[in-house]
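The whole structure should be built from the sequences, with the hints applied where relevant.
Quick note, the sequence shown lines up with residues 0 to 225 if you use numbering that gives the first Met the number 0.
Heads up, some of the hints might be wrong.
Stated by the list, open to error - As a list, the in silico SDA-like pairs of lysine to any residue whose alpha-carbon atoms are at most 20 Å apart:
1. 104 x 138
2. 104 x 198
3. 104 x 196
4. 104 x 115
5. 104 x 148
6. 104 x 153
7. 104 x 150
8. 104 x 201
9. 104 x 186
10. 104 x 189
11. 104 x 141
12. 104 x 152
13. 104 x 116
14. 104 x 195
15. 104 x 193
16. 104 x 145
17. 104 x 192
18. 104 x 154
19. 104 x 149
20. 104 x 194
21. 104 x 142
Said to hold, decoys possible - FRET-style restraints, in silico, Cβ to Cβ:
22. 119 x 194: 20 to 26 Å
23. 185 x 33: 33 to 39 Å
24. 216 x 118: 24 to 30 Å
Simulated from the structure, these hints should not be mistaken for lab results. Idealized CB from N, CA, C, for every residue including glycine.
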Amino acid sequence: MQDAIERLAKRGPSAADIADWIRSQIRGNRLVPGQRLIEVDIIRQTGGSRFKVREAYQRLAAEGLLEIEEYRGASVRGTSMAEVRQLYRARAALEGLCAGDFVRKATDDQIARLEEVARAMEECVEAGRPEDFARINAEWHTLLMHGAGNFAIEDIVRRLNTPVHHLQFGTFYRGERLREAARDHRHILAAIQARDADAAERAMRQHVENGLVFLSELDRAVHLEA
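What follows is the structure, given as structure tokens:
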């Protein structure tokens with residue numbers, strides 16, 4: 000058994016491992032739309048082989064995260080507003096289901112933890128700390144999806160979020176949108192605390208749809224200025 004483990008370790012990361020690492024770089028805004036991926040840098044940073052890195056590129060291109068051009072290599076793919084709308088509508092449906100399932104399955108301790116995280120987000124709003132809000136917001140949604148117990152939906156939602164993360168990170172958590180997001184979480188939490196699954200599902204759907212409205216209005220404003 001030990002010999003097998005050592006052989007696997009010597010082989011280095013798999014294509015799936017490398018793809019996960021690249022996704023994390025996109026989610027962390029360390030790789031942004033239009034940015035080229037330098038193959039030798041990816042190999043150095045991940046410890047993967049050229050073959051595995053290229054296989055990872057193909058996987059991510061199939062997911063719509065990368066573009067691969069002959070003689071130019073891979074770059075992070077941008078997302079059109081039409082695609083953003085599709086992604087958010089899918090998210091609204093899936094996260095709404097998770098909110099309803101959370102009500103049906105969560106323990107009192109899990110609900111109390113959501114309350115603590117919601118308070119931490121509100122403190123970030125009052126203190127004007129959008130980066131901390133973004134991090135805690137991600138924790139809040141993760142707690143809710145974990146409590147819902149549907150790991151297939153959790154994985155899908157994570158993948159849906161990755162192509163639009165740069166939009167959320169760059170513009171979402173600013174000004175009044177920050178306060179609106181915190182209020183949305185309060186509405187969702189109130190429904191959860193009342194153990195009203197239908198109300199929790201509706202509130203979560205509305206929360207995601209509010210985000211889409213904000214991005215749509217921002218997109219229109221940018222085009223008007225142009």
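Now for the hints, and whether the structure bears them out:
1. A hinted pair counts as satisfied when its Cα atoms are at most 20 Å apart, and residue 104 with residue 138 qualifies at roughly 19 Å.
2. Pair hint residue 104 plus residue 198 holds up; C-alpha atoms about 15 Å apart against a cutoff of 20 Å.
3. Of the pairs offered as hints, the one joining residue 104 and residue 196 holds, with about 10 Å between alpha carbons and a cut-off of 20 Å not exceeded.
4. For the suggested pair residue 104 and residue 115, the alpha carbons sit about 19 Å apart, so the restraint of at most 20 Å is met.
5. Simply put, residue 104 and residue 148 have alpha-carbon atoms about 8 Å apart, close enough for the 20 Å limit, and the pair holds.
6. Only pairs whose Cα atoms come within 20 Å are accepted, and residue 104 paired with residue 153 is accepted, the gap being roughly 15 Å.
7. At most 20 Å may separate the alpha-carbon atoms for a hinted pair to count; residue 104 and residue 150 meet this at roughly 14 Å.
8. Proposed proximity of residue 104 and residue 201 is supported: the alpha carbons are some 17 Å apart, at most 20 Å.
9. Among the hinted pairs, residue 104 with residue 186 is consistent with the structure: their alpha-carbon atoms are about 19 Å apart, no more than 20 Å.
10. Taking the CA atoms of residue 104 and residue 189, the gap is about 16 Å. The hint holds against a cut of 20 Å.
11. Of the pairs offered as hints, the one joining residue 104 and residue 141 holds, with about 15 Å between alpha carbons and a cut-off of 20 Å not exceeded.
12. Among the hinted pairs, residue 104 with residue 152 is consistent with the structure: their alpha-carbon atoms are about 15 Å apart, no more than 20 Å.
13. As the CA atoms of residue 104 and residue 116 are separated by approximately 19 Å, the hinted pair is consistent with the 20 Å bound.
14. Proposed proximity of residue 104 and residue 195 is supported: the alpha carbons are some 12 Å apart, at most 20 Å.
15. Distance restraint check for residue 104 and residue 193: the Cα-Cα separation of roughly 13 Å lies within the 20 Å cut-off, and the hinted pair is therefore satisfied.
16. Of the supplied pair hints, the one linking residue 104 and residue 145 holds, its CA atoms being roughly 10 Å apart against a limit of 20 Å.
17. Distance hint between residue 104 and residue 192 is fulfilled; the C-alpha atoms sit about 12 Å from each other, no more than 20 Å.
18. Distance check on the hinted pair: residue 104 and residue 154 sit about 19 Å apart at the alpha-carbon level, within 20 Å; holds.
19. At most 20 Å may separate the alpha-carbon atoms for a hinted pair to count; residue 104 and residue 149 meet this at roughly 11 Å.
20. With a C-alpha separation of about 10 Å, the suggested pair residue 104 and residue 194 falls inside the 20 Å cut-off, and the hint holds.
21. Of the pairs offered as hints, the one joining residue 104 and residue 142 holds, with about 13 Å between alpha carbons and a cut-off of 20 Å not exceeded.
22. Between residue 119 and residue 194 the Cβ separation comes to about 23 Å, which falls inside the hinted range of 20 to 26 Å.
23. Judged by the Cβ atoms, the range 33 to 39 Å given for residue 185 and residue 33 holds: they are separated by roughly 37 Å.
24. Checked against the given bound of 24 to 30 Å, the beta carbons of residue 216 and residue 118, roughly 29 Å apart, stay inside it.
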